[in-house]
Amino acid sequence: MSNYFLENADLQFHFNNLKINEIVEMAENNYKQSEQFNYAPVNYEDAMENYRKVLEVVGDIAANFIAPRAADVDHEGAAHQDGKVTYAKGTRENLQQLSQADLMGMILPRKYGGLNFPFVIYMMAVEMVSRADASLMNIFGLQDIGDTIRKFGSEEQRQEFLPGFSSGKYTGAMALTEPDAGSDLQAVKLTAYQDENGNWFLKGVKRFITNGNGEVLLVLARSEQGTKDGRGLSMFACYGDETVRVRRIENKLGIHGSPTCELQFNDTPAQLVGSRKFGLIKYVLDLMYRARMGVSAQALGISQEAYEEAVKYAKDREQFGKSIYTFPVISNMLIDMRVQLESNRSLFYSAAQWVDRKENYERLIDELKAEHKPFSEQNNELKWITKVANFITPLTKYILTESANKITYDALQIHGGTGYMKEFKIERLARDARITNIYEGTSQLQIVAASGSVINDILKDYFDSKEKKDYKGGLSRLAAYLKEIRAIFYDCLKYVVEKKDQGFQDVAAKDLVELYGYLYIGYLLLDEAEIEPRKIFIANRYIINSLALARKNAESIKDELFSDILHADKILI
Amino acid sequence: MQMKTTNEVWVFIEQRSGKPADVSFELLCKGRKLADAMNGILKSIVIGSGVKEIAKETFKYGADESILIDHEQLKDYKTIPYSRILNDLVNKIQPRIVLFGATVIGRDLAPRVASNTRSGLTADCTDLQISDLTYLGQKYEKLLLQIRPAFGGNIIATIITPDNPVQMATVREGVMEKSFYPSPKEIKITEIPYAHEEYDDLVSIIMQHREESKVNLKAAPIIVAGGYGLGTKENFKLVTELANVIGGEVAGSRAAVDAGFIPAERQVGQTGVTVRPKLYIAIGISGAIQHRAGMQEANKIIAINSDPDAPIFGVSHYAIVGDAMEVIPAFIEAYKHKLK
Ligand SMILES: Cc1cc2nc3c(=O)[nH]c(=O)nc-3n(C[C@H](O)[C@H](O)[C@H](O)COP(=O)(O)OP(=O)(O)OC[C@H]3O[C@@H](n4cnc5c(N)ncnc54)[C@H](O)[C@@H]3O)c2cc1C
Ligand SMILES: Cc1cc2nc3c(=O)[nH]c(=O)nc-3n(C[C@H](O)[C@H](O)[C@H](O)COP(=O)(O)OP(=O)(O)OC[C@H]3O[C@@H](n4cnc5c(N)ncnc54)[C@H](O)[C@@H]3O)c2cc1C
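Protein sequence lines, in the order shown, are assigned to chains H and P.
Under my numbering, the residues of the first sequence are numbered 788 to 1360, in order.
Under my numbering, the residues of the second sequence are numbered 2 to 341, in order.
Hints listed in this document are in silico derivations from the structure and should not be mistaken for laboratory results.
C-beta atoms are modelled at their ideal positions from N, C-alpha and C, and glycine is treated no differently.
Any given hint could turn out to be false.
Restraint-style ranges between C-beta atoms, simulated for each label pair [claimed, not checked]: (1) Asn-88/P x Asn-1038/H: 49 to 59 Å; (2) Leu-1359/H x Arg-211/P: 39 to 49 Å; (3) Leu-1348/H x Arg-277/P: 36 to 46 Å; (4) Thr-272/P x Tyr-1207/H: 23 to 33 Å; (5) Gln-95/P x Gln-868/H: 50 to 60 Å; (6) Asn-300/P x Asp-1356/H: 21 to 31 Å; (7) Arg-277/P x Trp-1171/H: 51 to 61 Å.
Part of the chain P face toward chain H, derived, beta carbon under 7 Å [said to hold, decoys possible]: (8) Ala-256; (9) Asp-259; (10) Ala-289; (11) Ile-290; (12) Pro-312.
Please build the complete structure, drawing on both the sequences and the hints.
Encoded structure:
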């Protein structure tokens, strides 16, 4: 019996090195929850043991139940007839299994039937589920919809919606996109109006809604008639009742198990979540932190599986009298994949902990406010954490999803002609990976989201402290390379800022964000290499490669590579 | 001047595989009014095999008499025997008016009969009226006015064919209203025997294979497009009706296609057809970018939508904010009476 948790050495490494004492303490109110719920942990060790056990269960279900069904799910796909959506048989069985294992409310509070787990642990579960069947993540990984109602809804709304999420009775959907509002959500038009008793109703169309057939929908709608921008939008929760019509589901390249719905709201009764006008500028932006991470976890899971398939195939396949694994070009590709995979995982679980910190500080401050206690110290901490999260979540999504595409394509290449055949898993992984850098904000939009923080050099103090640190042995050489990358970054930043050309800055943003990413990930890997010798290899290849890439980024910026954009019309004939 | 014709109005009743065409009954309703206006009588002409029931049915729509030619060799429409039968009948009885549906069959049959009997024919009429008229100093009593759009729908023409004793017209489906005649006459069927002639078998039908007619939206000067806003397939018929009245093609948005209101080959947009008609009427279509991409280069765009903020208004030349179910009938009415 395989297990996606126990048998994944790198995931084990991250779990074993988690230092989330602070997060767990906050989430468990200094373990006071155990007085109320007999299954709540009594101390940190107890909590970690608890998480480990649950992740073992997820690893087991993912490897032995979900993964064997994935090919059939992909083949059968979700179906749509007469306004009703049916999941593939395997999807239905998977969901039932996950509900029975009590895994549908991992991050929801215990009093609503949830497990009250830290976000980072939940992300580990999502990574494993995605590895087994990427399309299932699109239902399992929508738990943050419940969490958004928890954060911004009223107590009545929490009691109304959350237990259903926890038990698996409800699945959710996040309905933002419309035909004319994709990346630009300010253009959302779906109307929310009130009757004379103040009840809200929704009217209009949404498209590309993952699991739009779900029982509870979180909908971004225009509540302020006559407005045109994001400030006229509010967030609503409603049931997917008979007033919500699934007009069609899309016929997609991948993630066939996940229905992508076009929805029509016909005077659908809805409840305002939080306050009016804050829909986009507060709630959706907040939801994005977790949603971006969810998709990154999906990309990571797909990458892991593609890598596993590639190694296995390379070892089995013989040409010229030996296993292709022994050809240096193939092992070089495999090592590249492995290094990407591990550096991605380091970035990812670091980012997940920042999101956790943010969530828990927000919760703590809300509590302090409610108890009329001072909270300015915590507030200052939260401000800084939010700044980091604002940078690190889009960076993570950008890097992990682009990387998943590269890894799955290279894994397909290693399979030779076989990889192009539908009989092999790798083609599905390549198709499934393709969506990850599009939805929940395209890569280009992630760059936009991350670039402000980079231009403001928000991690300056952090990098300063890292530069001062003394790394031993071979690592000091790598530390020196990181210093060099940092110098290149400042040089480029200065160049971009002094040019005072917004258009140029927009284009150069990608290179700047990447440069900053090399630094952040590079230092993560250096620290890991101090803990585990095997990681020295990873850090080594990652940082040396990053230095080469950094030079290329710098050339692009400073050698006027982009000046031809002014003449785009002449080039793009 | 008094013409030497009778006061008879005939409607050719079209049938396929024994199933009567709706348009024929619609024409009976109109024919009844025309007959009344000239104190004449209304006859249905039924040709086929085993179609007596159809002949009987025509009385529900106001026929005074039905002429039935029933023979197994007439089961399926064939140009030669059908036109020969009608030629003979028209030459012999000299009706005042003969009406055909502007269907594939009607469009094949009517011109042959008209040219053979030297009758006047106007195709695709949107209205028919009876009126006394003076033309080039001559007085004509109770002349048939054949009304139809002309010049790409830019004008409404009234056509008269006073020099010909018999006047014929074709009318598209859905243009005339179909309703049961309140006081139907007693059934009176005059059966005329079919006399076979050797030319009748010049063409024989070996096999029939039916497929929806291929549309050529790209070439249509007028397109009336409906969207999901029409709500039901039933309501969508109004769009078809309007298209027929003004002589346009019917089209739709993808949502209308998905909902089964209209076949996929009539989808306009990014993944449908791109059209550049002189006139594009968008009804109940929100105007998502994928739809606009296919129609925004139309010369004139009229949009009808109940939502004043619908994006379609951003590309339309004329914006009508209102319920399609009220606006379309008003449109049809206005168009039909543009003359008065
Ligand atoms: C399978 C699937 C599932 C989905 N699920 C959901 C869901 O559950 N809920 C939901 O609300 N939405 C969902 N979406 C919608 C998804 O989030 C959008 O498709 C995505 O955000 C991109 O929007 P768009 O398709 O309109 O592309 P556009 O916004 O039109 O983008 C087209 C291109 O332009 C680029 N671009 C746009 N603006 C900028 C800019 N300012 N700077 C640089 N580049 C830019 C984009 O990067 C992209 O390359 C889903 C989509 C798919 C395909
Ligand atoms: C890959 C892709 C390709 C696509 N290609 C196409 C394409 O080729 N063509 C295309 O059309 N679409 C296409 N679409 C779909 C497009 O995005 C829209 O979903 C579609 O055009 C919407 O159709 P609609 O306007 O009829 O429906 P809706 O968006 O539902 O709009 C209905 C409209 O009717 C109005 N309305 C409602 N009731 C009434 C009433 N009683 N009277 C008057 N108005 C009323 C409403 O206010 C609304 O504006 C494509 C989408 C995708 C994802």
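#### Entry: Structure versus earlier hints, numbers of those that do not hold, lowest first
Nothing - there is no hint that the structure violates, so all of them hold.
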